[in-house]
Structures are given as structure tokens and as C-alpha cells.
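Peer 1: Read off the chains here:
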Amino acid sequence: MSLFWSLVHLIIFPGGAFALLVALYLKGLDRRLVARLQSRVGPPLNQPFLDIAKLLTKEQLIPATACRPVFLLAPVIGMAGMAACAAFIPVPGVFGGLSGLGDLLVLFYLLPIPAIAIMLGGSSSSSPFGAMGFSREMLVMLSYELPLLMVLLACAMMTGKLSGAGTADFSLVSIVQYQLENGSYCFNPVMVPAMVAYLMFLPGTMGVAPFDIAESETEILEGPMLEYGGPLLALFQIGQAFKTFVILGLGVVLFFPGTLCDFWPVNLLWFLVKCTLLMFFSMTLVRSATGRFRIDQAVRFYFRIPAALALVSLVLVIAL
Amino acid sequence: MRLDIDTCLKKASVCSPWLFRINAGSCNGCDVELATTALIPRYDVERLGCHYTGSPRQADIVLVTGPVTIKMRDYVLRVWNEIPEPKVTVAVGICPISGGVFRDSYAIAGPLSRLVPVDVNVPGCPPRPQAIMEGVVLAKQIWMKKLGILEG
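Going down the list, the protein sequences come from chains U and S.
Read in order, the letters of the first sequence correspond to residues 1 to 320 in our numbering.
Read in order, the letters of the second sequence correspond to residues 1001 to 1152 in our numbering.
Keep in mind the hints are simulated off the structure, nothing from the lab.
Don't be surprised by glycine CBs; every beta carbon is placed ideally from N, CA and C.
Mixed in with the good hints, there may be bad ones.
[To be verified] Dumping the calculated SDA-like pairs for lysine to any residue here, alpha-carbon to alpha-carbon at most 20 Å:
no., chain 1, residue 1, chain 2, residue 2
1, S, 1011, U, 28
2, S, 1011, S, 1100
3, S, 1146, U, 28
4, S, 1011, U, 231
5, S, 1011, U, 45
6, S, 1145, U, 59
7, S, 1146, U, 46
8, S, 1146, U, 189
9, U, 161, U, 149
10, S, 1146, U, 45
11, S, 1071, S, 1028
12, S, 1146, U, 60
13, U, 161, U, 189
14, S, 1011, U, 59
15, S, 1011, U, 190
16, S, 1011, U, 57
17, S, 1145, U, 190
18, S, 1145, U, 189
19, S, 1011, U, 161
20, U, 161, U, 190
21, S, 1011, U, 44
22, S, 1011, U, 49
23, S, 1011, U, 189
24, S, 1071, S, 1027
[Claimed, not checked] Here are some chain S residues pointing at chain U (derived, C-beta under 7 Å):
no., residue
25, 1007
26, 1009
27, 1010
28, 1012
29, 1013
30, 1015
31, 1041
32, 1055
33, 1057
34, 1085
35, 1145
36, 1148
[Claimed, not checked] Computed spacing ranges between beta-carbons, pair by pair:
no., chain 1, residue 1, chain 2, residue 2, range
37, U, 189, S, 1149, 57 to 67 Å
38, U, 7, S, 1130, 37 to 47 Å
39, S, 1134, U, 6, 32 to 42 Å
40, S, 1081, U, 273, 31 to 41 Å
Take the sequences, apply the hints, and build the full model.
Peer 2: Here it is, written out as C-alpha cells:
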């Protein structure tokens, strides 16, 4: 029975179909909002679905000089990793999350997988632009991983400390449970710096401006994605959509999991509203208003501001 | 009635044309117009679902500017061949259509239709943004014909 429910969580809700539907509509909303912020009309809301349908009908070209198995497997790895991640995201008031002691740790290890898939794809494509994109993706990834680790650690230690366990509690289930009973972390002054650091981490990991360094189409022609087209690119986009759901959901779960009432459809809607707001303030607004950082600027930014903020929270959690 | 997934996918696919630009020795006039069409608020090409891509492997509609010069001929052909089927070729500006002011020059390998099958011509020096938009819309219809799903 538990295997059956695990499969349901993986394929239908909250992972799989639900995550994909939400993430693709959020992406369409994001494109539309950016267009409106720039006084344009913008594409229809279902544009990401149309894009994926288009890519599935196109011819698949594979460069003769590419490392074929890795080139074909990279998008599958990226998508599978993130699809598995999506099942771990609790939806407060609707779904308590897959029980386990260290699901936050599992998420932390699975989160870099799309970036690694992009690196694998770029380096196996035998294109010089792919190699450049590889090194850029890796630099950005290395710089945002440290703040992310400290943010997650701060949340885990906070929960462990306050709930009386003494040690860090790496279970998303108990993090949500604690906040539902005692108020969200976004109202806790100790955790506010960590929340701001998480907001700054979002555009970096999603590769949107000003951190679209690895896939900058005006400098290195889409970088690692240069040789991908057709169904394989569609797989990459599906993986990216899962990743959007995972990191937005994780943000909501870690900092504002509060519910409105005991009625689950309201809670589900409230979760989606919070995801949308998180996306709007951390990605859409930033993306429509900024240009692109140089690589050194991005690395310096991540090691200075989000890392410092996350460290402040971590030290405060340990000290208080 | 049987739900035909293939036809559904094809019908959805024409709503997402990704554009790719080839500059075949253009004076940049048409390129500026292409950038204007995509970027300024008034002629928003994204509302048609279009998206400029930097990679020929992701392109559906290829916009060629410039009178294909002898130096550029091989590169244009090479990049054009890297675009996956089904693709639609649009000649933007008078240069790729007839050679324009460079017609009969010793340095010209064009017009474009001598090298690759051209689907849509957008004349002008440079063409107005509205004309380029219309060219993209026509290219979408030709793409539908190539997929065999255009009614009427």
C-alpha cells in the first residue's frame, strides 16, 4: 500500500503531472508578466505547452562528433532527478510530505542534478560553445551552492532547536509541522536573512537574468543547449519545469507554509498563490529589470551577499 | 472520433515558431529591423509565440538578410543545412530576393533562391516591421502546409 501511495505521489500529486502542469503555467505567466512589465503584449499563457509540443514534432539532430550516449542521456538524467525531487515537496494542509528523516538532505543532493545534466550535455556535444557554457554553469553552480547549504542548515537547526530535539532536524515533514503549529519562519527575525538569501538563490539556480550566464544567447549562442533541439530539448525543458516547481515549493515550505483553513482546496490554491508571488518577486521582476552579470560579478555577488545573509541566520540560530 | 495525437501536436506546434537569423553579408539595415520587430513594445513578435533562438538546431523559421556574398555562400548553406526539418525560409529585404543594389556584382553568389528554396519574400530596403511580421505570419501558414494540416 505504501508503495502504491509513493507512486501516486511521484506520478500524479505533488510530483509528476501536477508539478508539470503548475510549473509550465507558471512559466507562461512569467513570460506574460515580463512582457507586460516591458509594455508588450506577450505570449499566451499556454505557450510553454505549445513549445514542448513543437519540439516533440521536430527532427532530432545529433552532431557526428558528439559523445552519443552521454548526449542522449543528459536530458533524461536532468528530468528524472527533478521529477523524483518533486514528490518530496509537501503541500501544507493538503499533503504532509513523504516521511523520512533526511528528505531535506536528499533534496540538497538532488537539486544540482539539472545543472550537472546541462554540463554533461554541453561538454558531450563537442561544440566549443558547449564547453564554454559548461565552465560558466559550473562556476555559477559552485557559487550558489554554499548559500543554499547554509540556508537549509539554518532551517534544519532552527526546527531541531525549537522543537526540543536539540540537534538539526532534516525532515521537511517536521519543518512544516513545526511552522504550522508555531507560525512561519518569515515572521521570525532570526530567519529573515536566510529567507532573503533564498530569494537571491532562486534566479541563479533557474538561470534567468541577471544570472543567465551559462545560456546567454547573445554571447555564446545558448551555450550547452546549442546542439540540442527537438525532443531532447523538450526533455530539458520538462526537467527545468520540474525544477521550477521544486525550488518554488521548497521556498514556500521552508519560509511560509501557513494555511488559511482546514479545507484542502483552499490550502492548495493558497500554496499556488504563494508559489506565484515567490516567482514574481524573485524571478519575473528581477529578470525584466536587469541585464546580465559577468561571470566574476555573479560569483562575487553570491559569495558576498547571499552567503553573508545565510551565515548571519545560521550564527544567530546557533547562538540564540 | 479518434483523438489523433500526432495532428494535435502538429496543430499546437505552429503556435511556437522559433526564429533564427542568418546575416548573409547584409548592411545591417534589415538586421536592425529584425531586432526592432522583436524587441520594441510596439511590434511584439513574442505574442505570436515567436522566440529568437541563437542555435540553428532549435530554429523553425529562418530569416535571411543580405545578398549572399561569395565569401558567405558556404557558411549560409552549412548553417541552413543544420536547421532540422520542417523549416521555413524567409528572405528579408530586397538583397536576398534579387540582389538589390548589389545585383550583377562580381562578389555576389545570390540571390538566395539560387541556393536554397525560399518560402516567403519580404521586400523592402529595409522592410517595415509590419512587413516582417506579416512575413512571419505567412511563414507560419506555409509551415502548416508543410505539415499537411492547413484547412481550406
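Peer 1: If you test the structure against every hint from before, which numbers come out violated?
Peer 2: Of the numbered hints, 2, 3, 7, 8, 10, 15, 17, 18, 19, 23, 25, 35, 36, 38, 39, 40 do not hold.
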